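Given two chains presented individually in distinct reference frames, assemble the corresponding complex, making use of the accompanying hints.
Spelled out from the first residue to the last, the chains are:
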Amino acid sequence: MALVESRGLTRAFGPRRAVDGVDLSVDGGECLALFGPNGAGKTTLLRLFAGLLRPTSGTATIGGVALPGGASARGLVGLISHQSMLYPALTAHENVVFSARLHGVANADVAATRALESLRVADRANTPVRSLSRGLQQRVSVARALVHEPRALLLDEPFAGLDDAGAAALTETLAALARGGAAVLLVTHGVREGLALATHVAVMRRGSLVLHEPRIAAGEPESFAARYRALSAS
Amino acid sequence: MSANEQLEIPARNVAPGTFGAALFIARKDITVELRTRTALLSALALSLLSIVIFNFAWDPTAVAAIDLAPGLLWVIFTFSGLLGLHRAFGAEQEERAIDVLVSAPIPRQAIYLGKALANLALVALVQAVSIPAVLVVYNLPVASSLPVLYGIAFLAAIGLVAVGTLFSAMTVSTRTAELLLPVLALPFFVPVVTAAAQATARLLAGRPSSDAIGWLKLLVAYDLVFVVACAAAYTVIADE
Numbered sequence: 009m010a011l012v013e014s015r016g017l018t019r020a021f022g023p024r025r026a027v028d029g030v031d032l033s034v035d036g037g038e039c040l041a042l043f044g045p046n047g048a049g050k051t052t053l054l055r056l057f058a059g060l061l062r063p064t065s066g067t068a069t070i071g072g073v074a075l076p077g078g079a080s081a082r083g084l085v086g087l088i089s090h091q092s093m094l095y096p097a098l099t100a101h102e103n104v105v106f107s108a109r110l111h112g113v114a115n116a117d118v119a120a121t122r123a124l125e126s127l128r129v130a131d132r133a134n135t136p137v138r139s140l141s142r143g144l145q146q147r148v149s150v151a152r153a154l155v156h157e158p159r160a161l162l163l164d165e166p167f168a169g170l171d172d173a174g175a176a177a178l179t180e181t182l183a184a185l186a187r188g189g190a191a192v193l194l195v196t197h198g199v200r201e202g203l204a205l206a207t208h209v210a211v212m213r214r215g216s217l218v219l220h221e222p223r224i225a226a227g228e229p230e231s232f233a234a235r236y237r238a239l240s241a242s
Numbered sequence: 203m204s205a206n207e208q209l210e211i212p213a214r215n216v217a218p219g220t221f222g223a224a225l226f227i228a229r230k231d232i233t234v235e236l237r238t239r240t241a242l243l244s245a246l247a248l249s250l251l252s253i254v255i256f257n258f259a260w261d262p263t264a265v266a267a268i269d270l271a272p273g274l275l276w277v278i279f280t281f282s283g284l285l286g287l288h289r290a291f292g293a294e295q296e297e298r299a300i301d302v303l304v305s306a307p308i309p310r311q312a313i314y315l316g317k318a319l320a321n322l323a324l325v326a327l328v329q330a331v332s333i334p335a336v337l338v339v340y341n342l343p344v345a346s347s348l349p350v351l352y353g354i355a356f357l358a359a360i361g362l363v364a365v366g367t368l369f370s371a372m373t374v375s376t377r378t379a380e381l382l383l384p385v386l387a388l389p390f391f392v393p394v395v396t397a398a399a400q401a402t403a404r405l406l407a408g409r410p411s412s413d414a415i416g417w418l419k420l421l422v423a424y425d426l427v428f429v430v431a432c433a434a435a436y437t438v439i440a441d442e
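Keeping their order, the protein sequence lines are chains A and B.
Each residue of the first sequence is one higher than the last, beginning at 9 in this note's numbering.
Each residue of the second sequence is one higher than the last, beginning at 203 in this note's numbering.
Calculated from the structure, these hints are not laboratory results.
Nothing here was measured: the structure is a model prediction, and the numbers come from that model.
Just so it is clear, CB atoms sit at the ideal spot from N, CA and C, and this is done for glycine as well.
Any given hint might turn out to be false.
Sample of chain A residues at the chain B side, in silico, Cβ under 7 Å [claimed, not checked]:
#1 Gly83
#2 Gln91
#3 His111
#4 Asn115
#5 Leu140
#6 Phe167
#7 Ile224
Bound conformation, chain B alone (with noise of 0.2 Å):
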C-alpha cells in the first residue's frame, strides 16, 4: 500500500522513542518485582544457598579458596540468573499483559530493551549480595580489587542477560519453558562464564590487571554483539 493511500489522522499523542519506553517497561517490571518478589528472593536464596553449601562440601587441604571461588561464584550467578529471567516473560502472560506491549505503537526493541534492563537490575542485586558473601565465607582477601571484581561481573551480567532474555520470550508460550530456557540459553552462557571466570581468577590470584585485559575484551565483544543481535532478533518473535 502506497503512503498516499494513508489517511490524515492528527496525531494526538507522542509515543516514547525505543530508549523511553524501554525505561518505562523496566520501571514498571522492576515495581512489580519489588511487590511479589517472586524472582529476586528466589534468586538471592539459591546463591545463598550455594554459597554455605559448597562450603560444606569444600575440602580446603585439596582445593584453595583462591581457585573455587571463581567456578563458584559463575555457577551461582548464570543459574540464579536463570530463575530472574524465566520471569521476564513469564510475568506477561498471567493476564496476556505481553499484548499491551506488543499492540502500544513503540518500537518492539524497547520490549526486549526494557525486559533486559530489569533482568540486568535483578542480576546486578543477586551479584551485589553474593559477591561480598563469597568474599567472607571464604575468607578471601580481596577488599581492594572489590570495584573490579563488580565491574567484570556487571559485564558478564550484561552477557547472560541479553541471551537470556531472548530466550526467555522464545519459550514462554510453551509447555517446557522452565526447561528449554537453560537447555537453550546454556551453550550460549559458555563464552561469558569462561571469560568472567577467568578475569575472575586472575584478580583474585593478585596477577595485574593487564593479565585480565583479553578476557574483558572478550566479554565487551560478546555484550556489544548480542545485545544488538537480540534486539534485532526480537522483533521477529513479537510479530509472531
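So here's chain A without its partners, still in its complex pose (with noise of 0.2 Å):
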C-alpha cells in the first residue's frame, strides 16, 4: 500500500462532481506532479487527502489510514495551500511554533527556528506575518507546513509568489524531503518546476485524472506542456 492513495475518490458539491472516482496512489520517496486547468478539482483533492472534507463516496488514506477521521494520518501530512494559512498578527516564528506544537514536536521552538533557516527566512523571524511581503510569507507558510517533518507532502501551488532565491530553496527542501522518503503530491501551473521535482506526472480534467504516467515517459519540458495544453482542452 502506498502512503498516498485513493480509490474511486469521488466529492461532490451539489450536483458537481468536484473529483470523480480518483485513483491514485503515491509512495514513499516519489513526487506526483499533479497539473490541471483552473476548476480541474485539484484542490479539492489536496483538501481530502490533509483532511479538511469528507469524501462523498470512495477513501483517501494516508499511511494506510482513511481520512478526515484518522488524527495519525493527519499527524503525517503537510499541507501547504493557496492561503498562507498564517495568523498575520503573530510573528513568522510564533506561527510556526504553533503549528510544531499542535503536531506534538518535541523542541518546537529550536524546530521552527530550524524550518525557518531552511527557507532562508530566519532573520525575519520576529516580524509580525503581516508585515512580510507575500513572498515571504509563502516562505513562512512552507516552514509552518514542514515543521513537523510530515510523511506526506501536500502542496497547492507552493511556488506562488516566491523569487528564485526562494524557489530554489523549497526546491531543495522538498528533494530532500522526497531523498528521505516523503511522498510528495505537488499541484502546479508550472510545468517546468514540476517536472523537475516528479517522479510521476497526471493531468486532472473534471474532476477525472486523464493522464497518470512516470515522469520518464512525459519526455520534455516543452512536449510534455502541449499535450497538456491538449488534454486540458479536449
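Following this line, the structure appears as C-alpha cells:
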C-alpha cells in the first residue's frame, strides 16, 4: 500500500462532482506532479487528502489510515495551500511554533527556527507576518507546513509568489524530503517546476485523472506542455 | 480498511491531547486578540457606553436601580459577548488558518474547547470591568456580594460561550454571519440569561443566597449539557 492513496475518491458539491472517482497512489520517495486547468478539482483533491473535506464516496488514505477521521494520518501530512494559512498578528516564528506544538514536535522552538532557516527567512523570524511581503509569507507558510517533518506533502502551487532564491530553497527542501522517504503530491501550473521534482505526472480535468504516467514517459517540458494543453482543451 | 493494512510508520511526534491542544489554541487566540484588540475594545466600548446611555434614559423615580441593574447587566453581557464570539472563527478565515487547526493531528473537540476558552477569557474580562461600573454608576451598595455576583456571571458566561462558539463555527463561512450568529444563538441564550438575571436580582435585593440556589443549579446544568453537546457537535462541523 502506498503512503498516499485514493480509491474511487469522489467529492460532490450539490450536483457537481469536483472530484470524480480518482484512483491514485504516491509512495514514499515519489513525487507526483498534478497538472490541470482551473476548476479541474486539484485543490479539492488535496483538501480530501488533508482531511479537510469528507469524501462523498470512495476513500482517501494516508499511511493506510482513512481520512478525515484518522488523527494519526493527519499528523503525517504537511499542507501548503493557496492561502498562507498564517495568523497575520503573530510573528513568523510564533506561527511556525504554533503549528509545531499542534503536531507535538518535541522542541518546537528549535524546530521552528530550523525550519525558518531552511527556507532562508530566519532573519525575519520576529516580524509579524502582516508586515512581510507575499513571497516571504509564502516561505513562512512552507516552513509551517514542514516543521513537523511530514511524510506526505500536499502542495498547492507552493512556488506562487516565491522569488528565485525562495523557489530554489523550496526545491532543495522538497527534494531532500523526497529522498528521505516522503511522498509528495504537487499541484502546479508550472510545467518546468513540476517536472523538475516529479517522479510521476498526472493531468486532471473535470474531476477525473485523464493522464497518469511515470516522469520518464512525460519527456521534455516543451513536449509535455503541448500534450497537457491538448488534454486540458479536449 | 482493516488495521493490519495500515503502514507501519514510526511516530516522530506525539500530538497533544484534547486539553493540551485546547490550551495552545486558547493561548494563541488570546495573544492575537491582545495584539489586534478588535473584539476586546468593541465589547468593552459597547458595555461601558450602554451603561452610560441607560443611565441617561433611566428615570429613578419610576424604576429603582436595584430592579434595573440585573436586566441591564445581562443585556450588556449578551450583546458584548456576541461581538467577541463572531471574531472567534472569523479571525481564522482571513488566510484560512482554520485549515492548520483542522488538519492537525488533534481531536476536533480541542479546536472547539480552545476557541471557547479564549472567548470565555474575553467575556470574563468584559464582566470584570462592567460589573463594578454598573455598581458605581447606579450606586448599588452590594460590595460584599461582589464575589458571588462574579460567580453568577462566570457560570452564565460558560453557557453563553459554549453555545455561541459553536454557532460562530457554523455561521462563519456564510455571507450573513454577523446576522445569523445572534439570530441562531439568542434563543439558546434565553435560559442562561433568565437564570442569571433572576439570581442577580435576588442577590442585589439582599435576599438569602438559598433563594438563588435553584437558578444557580439551572446554570450549572446548562453549562454541563451544552459544553459536552457543543464539543461533540463541532466534530461534525469540522469535517464539513
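Hints versus structure:
With a cut of 7 Å, the hint placing Gly83(A) at the interface with chain B holds, because the nearest CB-to-CB distance is about 3 Å. The beta carbon of Gln91(A) is positioned within 7 Å of a beta carbon in chain B (closest approach about 4 Å), and the interface hint is therefore held. For His111(A), the suggested interface contact is upheld, since its CB lies about 5 Å from the closest CB of chain B, less than 7 Å. Against a cut-off of 7 Å between C-beta atoms, the interface hint on Asn115(A) is violated, since the closest Cβ of chain B lies about 11 Å away.
About 12 Å separates the beta-carbon of Leu140(A) from the nearest beta-carbon of chain B, more than 7 Å, and the hint is not met. Interface restraint check for Phe167(A): the shortest CB-CB distance to chain B comes to about 18 Å, outside 7 Å, so the restraint is violated. Interface hint at Ile224(A): violated, since its Cβ lies 26 Å from the closest Cβ of chain B, which is beyond the 7 Å cut-off.
Violation of the numbered hints given earlier is confined to hints 4, 5, 6, 7; the remaining hints are satisfied by the structure.
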